[in-house]
Amino acid sequence: MIASEEQQEYMRSGHMACPGCGEASTMRLVLKVLGEKTIVVIVPSCVGVISATFPNSTFKVPCFHSAFEIAAPTAAGIANALRVQGREDVTALAFAGDGGTFDIGLQSLSGAADRNDNFIYVCLDNEAYMNTGIQSSSSTPQGVWTMTTPGGRQGRKKKFMQIIAAHRMPYAATASIGHPHDLMAKIRKAKNIKGTKFIHTLTPCPTGWRMPENLSAKAAMLAVETKLFPLYEVIDGTEYRITHQPLGLPVQEFTKIQGRYRHFTEEDTAILQREVDDEWEQLVAKTKGCKL
Amino acid sequence: MNGHGITIENIKKIVPFSQGSTEIFLTGLWSSRKPIHLDKTSPCRQACPVGNDISRAFYEASMGHYDEALRIFRQDNPLPGVCGRVCYHPCESQCNRKYYDEAVNIRGFERFLADNGKVDIGRERPALLRKEKVAIVGSGPAGLSAAYHLARLGFSVTILEALPMAGGMLRYGIPEYRLPKGILDKEISYIQELGVEIKTGVTVGKDLSLSETRKDYQAIFLAIGAHSGMQLGLEGEDLLGVMDGITYLRTINLGKKVRLGKKIAVIGGGNTAIDCARTARRLGAKDITVIYRRTRAEMPALAEDVDGLEREGIKIELLAAPKRLISENGKISGVECLRMKLGEADTTGRPSPFPVEGSEFIVPVDAMIAAIGQAPEAAFVKELGISISKNNVIQISSETTATSVDGVFAGGDGAGTKAFVADAIASGKLGALAVYCYFEGKDVKKELKNHQIGNQQSFSFQHFLNPKHYPVDLKKVVPYEKINTLCFPHGVRHNNPESVPPKEAVKTFREGTSGIEASRMPFEIYRCFKCGTCTHCDLCFLLCPDISIIKGTDGYTIKTDFCKGCGQCATTCPRNVIEMVEGPGGNT
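Here the protein sequences line up with chains S and U, keeping their order. Just so you know, we're using the working numbering here: the first sequence kicks off at 1 and counts up by one. Just so you know, we're using the working numbering here: the second sequence kicks off at 293 and counts up by one.
The hints are all genuine.
So, partial list: chain U residues that the calculated Cβ filter (under 10 Å) puts toward chain S:
(1) Gly312
(2) Cys779
(3) Pro781
(4) Gln860
Hint data in this document are derived by calculation from the structure and do not stem from the laboratory. Cβ atoms here follow ideal geometry from the backbone N, Cα and C, with glycine treated the same way.
Build the full structure now, drawing on both the sequences and the hints.
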């Protein structure tokens, strides 16, 4: 059930997202929870294309289009300006993609998190630079096809939540559009915490993941249920809690619907499965002894 | 001047503020495919001979509306308390959940509703009463069902019952430990509250001729059942200590005593055979053997009842058939049996047994009960010229329940439908439709087709009453592949617990199983996928990237101007309510 104040929409139809865009639905739900008193920061990315087709905007709340690498400090600046004006009822929110977070925006995010400025940072991770034509980022999983890694990416996906946890920020969580109630609950929680809050969302991209547009939400669900993208939260960088118990499906349920995994051999999948299982165990181990 | 009149001075300062709305872009034009919300039919409902709207009842119950859930069951089935106990639950064998973990305990749910829900008969009373009078001969499940549905259609209905109390096989064929009489009484009383008159102790054909009845009533529905046990066709069946199964059960249920002795053989593998053996056990027989000519897999009796039988210490001799009855002083003393082997499948699809030569063996007994099938006592209908088969089965058209005589219809066991309670109820329901069509001059086959559920013989009574406002597409049945199982965690099935341990059970006729506990029922209700029934779970609404699904108070509407037709909603709908269609799509 959705709270009555969250019935309102803060994103308008007619935006330029591809059909079945996972980012559009994620942004919509985040704004639904944060409500009218929100200032959004966006950076050049799909988000810029979706929401800011000048002179029109998809957001019903104020939105600031900043530079690629500075989503976090821009939101931090807005948050500080609001604090000076005594407007701490307004939430500063940054949307950035995996490129703007994992790669180019990493140092500025790290700095803002270090100062523990009061804003929410939502990383819309679609695992490549989709906007410019599907180039690999440090969020692209190993072996995956992109335009710049036609034979499959050599590097491994950055374990970003560990970097975030290392900052010991008050609240960090993973969330997925496949589990909208869980996502909204986490945003609700983040809204009421002071300091830097980081939400890592996996936002399937039908265009870049090479899959039919009707499958993006299902892909998001599968990522969670195969334990590939577990849903959990980290308080103060130390207290871990798993918020959704996955069904534990085999990873090929997730990979087989996407063209970017098409060249995966059985062996590749087996390696991926082992990795997923190991990481899940590590995560479970981290939750041991936590009070949450 | 450069001709076009634009100078650097008169270009307005470009202000980098977006103040317009993206709603000027009609992104709905990107695709001609649009979603449509439309409730469909669940496979359990299609499998149910009575056509109970199971998934909708589960949905209502999931919101705590147990009374409403019961009302949904009672739209099609007047006897949910009976079916909730003794039905052979074909619904559970078609349940989509069985492919995921285990089928939902649908029968247990129906029983729970019947035992705990409140019935408001007032709401079922027809708005208009009709002047036509209908007589129903027999008050078994078929007769009661026909009476209930005809009464709801406004007919004045009288049931004529030969035995001292109403219920037919439900009362005189099914033992108390499986179906307590109190439950049956309660459900019959609701039918009476609807205005149905039940005259017991009236044997049509003896106390009252069928032609007289035909004069007094404008239509007759014959639901006479099959109360005469079939003979084995062996010599010595008139010996002392030999009885047929259904007579045995009826005698016990009439409250009379039958002394059979300690060692008893029961011939047959159907429910009657199992009931006879377990009844005899409760009445003190120590050594009981059920003799069946095929294997356990082919037994027509419910597997759970056969399990119960074994738990109570009753032996089953499989692949054996009686060849000769051995007597001593005019009383049966043993049954000589032959070993059987299974061969080719027969017309019923079961392998046919054939005897192994020289494999004779003797089962010593004090008495033998033959429960190998029952036949109707239908000779009296010939008086009106109604044709019957050589087994005394009334000949009807299976689609219309019409006999060879105008205005006379027949159903249930007596007319050769499947010998299960649910099928008898279904046949009574179809009979009611046929009688209605008879008076209205409508074609039953056409009506049945209009309101038919999936590809089965059952139909929706609610759809029949009000097809325009019926929210479900009865023809589209949801297959398992269309269920988004990612939305459902695994969970174990909640079975009905045993109420008495087997050691105690053999001493009492108390009901053997109890209802699912009220505290556990919600878990079983949650397990149900609710295939094809929109539960307003909001998933489609929350996932829509184009903010094109609007949530209303009674469902969802589509903003077709903006929907890009991605189809995520249809793909992720947990229960296959949404479909993508070419054209305008939109709302239901």
